[in-house]
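Residue numbers (UniProt numbering), protein chains in the order written: chain A, 1 to 241; chain B, 1 to 241.
What the hints contain is simulated information worked out from the structure, not anything from laboratory work. Check each hint, because a few of them may be wrong.
Treat identical chains as interchangeable: a pair holds within one or across any two.
[Unchecked claim] Straight-line Cα separation of at most 30 Å, DSS-like style, residue types lysine-lysine; simulated pairs: (1) 50 x 33; (2) 212 x 131; (3) 211 x 3; (4) 176 x 135; (5) 25 x 241; (6) 212 x 50; (7) 50 x 3; (8) 176 x 212; (9) 133 x 164; (10) 33 x 3; (11) 232 x 104; (12) 135 x 225; (13) 212 x 133; (14) 232 x 25.
Protein chains: 2
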Amino acid sequence: MKKFQPQNFIAQLSVDCVIFGYKDKKLKVLISKIVFGNDFWSLPGGFILKNEGIDDAAKRVLQERTSLTDIFLEQFHVFGNTDRSNNDLFGKMPETNDETFTEKGFSKNDFEWLSNRFVSIGYYALVDIDKVKPKKGELDECVEWVEISELPKLIMDHNLIAQKALLALRQNLDQKLIGFNLLPDTFTMREVQELYEAIYDKPFARNNFQKKILDLGVLERLEKKFTGAANKAPYLYRFLK
Amino acid sequence: MKKFQPQNFIAQLSVDCVIFGYKDKKLKVLISKIVFGNDFWSLPGGFILKNEGIDDAAKRVLQERTSLTDIFLEQFHVFGNTDRSNNDLFGKMPETNDETFTEKGFSKNDFEWLSNRFVSIGYYALVDIDKVKPKKGELDECVEWVEISELPKLIMDHNLIAQKALLALRQNLDQKLIGFNLLPDTFTMREVQELYEAIYDKPFARNNFQKKILDLGVLERLEKKFTGAANKAPYLYRFLK
DNA sequence: TCAAAAGTGTTCGTAGTACACCCATGA
DNA sequence: TCATGGGTGTACTACGAACACTTTTGA
């Protein structure tokens, strides 16, 4: 079994990922409960190998949790306040509870390394939630999708990171046409609209929204989707390119 | 005299600043010739103290070069490819030319530290160029204002960093009203327009530009400025807040 | 025949663009 | 009186917002 080896990583520099998914008309974020302590939740994060690009490090973190390659991924902000340390969480642990961390294959040195102050590069990722089977990482107890508006208290400034990620997503959604990464391969116009409403947390006018999206010229209209409901069947669309 | 002490800094993490100034209708960037080697130019950069926020580190780098506090400053991108190292520049130097670096107060260890691979946080800053007396930093031979379109070859990916900074500046100019940081306290509308034209590298229609800027509601109209030229005297403006 | 939801068209107001005109200034 | 550059007004266009109307579907 592979062990966590801090000496392979750049010290005091980390990557934290805000992985967005969309389900049941809700925008969700993947969070993980960390393996030490009780009920500490965090964003999926990781460290950067000494000979690894930062984007590659983020991809590795994502792949570890989602098993997906080829994910839309973008850095959006660096968090570098001096109070960014896990000292409270990790630092005191060796004295208080020696057996819990040694039995999990971590040494005192590992804890000291982890309890340093870290500068963290924030990434956000957009995934088709149905293609993901969440998988826990090396330092995770478990991982879970949580609605963005119902995030629990996360460690350090991770709640702030998630908020900033949402703002970055909103800013880039229109100009970069990245929202379709959150949808399945085919979808109705209503589904696109509900996605946008979930992201911006505000309603859009149906007809104007349809016009705006179609005018982008990036959707292909496919056959109609008969839902069995007593109303006109909507078209299915596919994202081009 | 204070000596460069790598052990005080976070390893493999740096800050690079693109300091924008405006003069003679040209957008300029402050670059520095580094103290080692021949004719190696770089963006003003520095490192982050182990107990220093990243914004504070960038401020320190700026203050070192410009003697200004209270500068508009914003991170815009992290550069973290694996090929980001000064190995070519610093790594071979100890063997080839021992006396040049020791006489300047640097040790072999310093060079090894510097020749590592670095992840660098890019900041851009906007200053009133007339308020700046460029001052060289600890690792600088000299510093100089250079027109952005006439930058020489810089070390590593610093040319790319400067280009990305310009794009970030353009993106934020309108929505954040930051351009006035580049101008003196009072200015004419023509000067604002010429600044915008320098930044976007394209002409604007005079009347529409005036309307757009005044509609922002952030300028105060002062007395007229009589230049002695044979034409109507323009108003002077001041940026509010 | 009806309700529900989809698709499409029309109008209105605003913001940006292009064009035109007048004014102040000093030679 | 003239050239130069500054200030302002008007018409055209594009885009989004608000409103209205028609069509399809299965009960």
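Consistency of the hints with the structure:
no.	hint	result
1	50 x 33	both (26 Å within a copy, 28 Å between copies)
2	212 x 131	within (28 Å within a copy, 47 Å between copies)
3	211 x 3	neither (53 Å within a copy, 64 Å between copies)
4	176 x 135	within (29 Å within a copy, 41 Å between copies)
5	25 x 241	within (25 Å within a copy, 42 Å between copies)
6	212 x 50	neither (45 Å within a copy, 49 Å between copies)
7	50 x 3	both (17 Å within a copy, 27 Å between copies)
8	176 x 212	both (14 Å within a copy, 26 Å between copies)
9	133 x 164	within (25 Å within a copy, 36 Å between copies)
10	33 x 3	within (19 Å within a copy, 44 Å between copies)
11	232 x 104	neither (57 Å within a copy, 80 Å between copies)
12	135 x 225	neither (33 Å within a copy, 68 Å between copies)
13	212 x 133	neither (33 Å within a copy, 51 Å between copies)
14	232 x 25	within (21 Å within a copy, 61 Å between copies)
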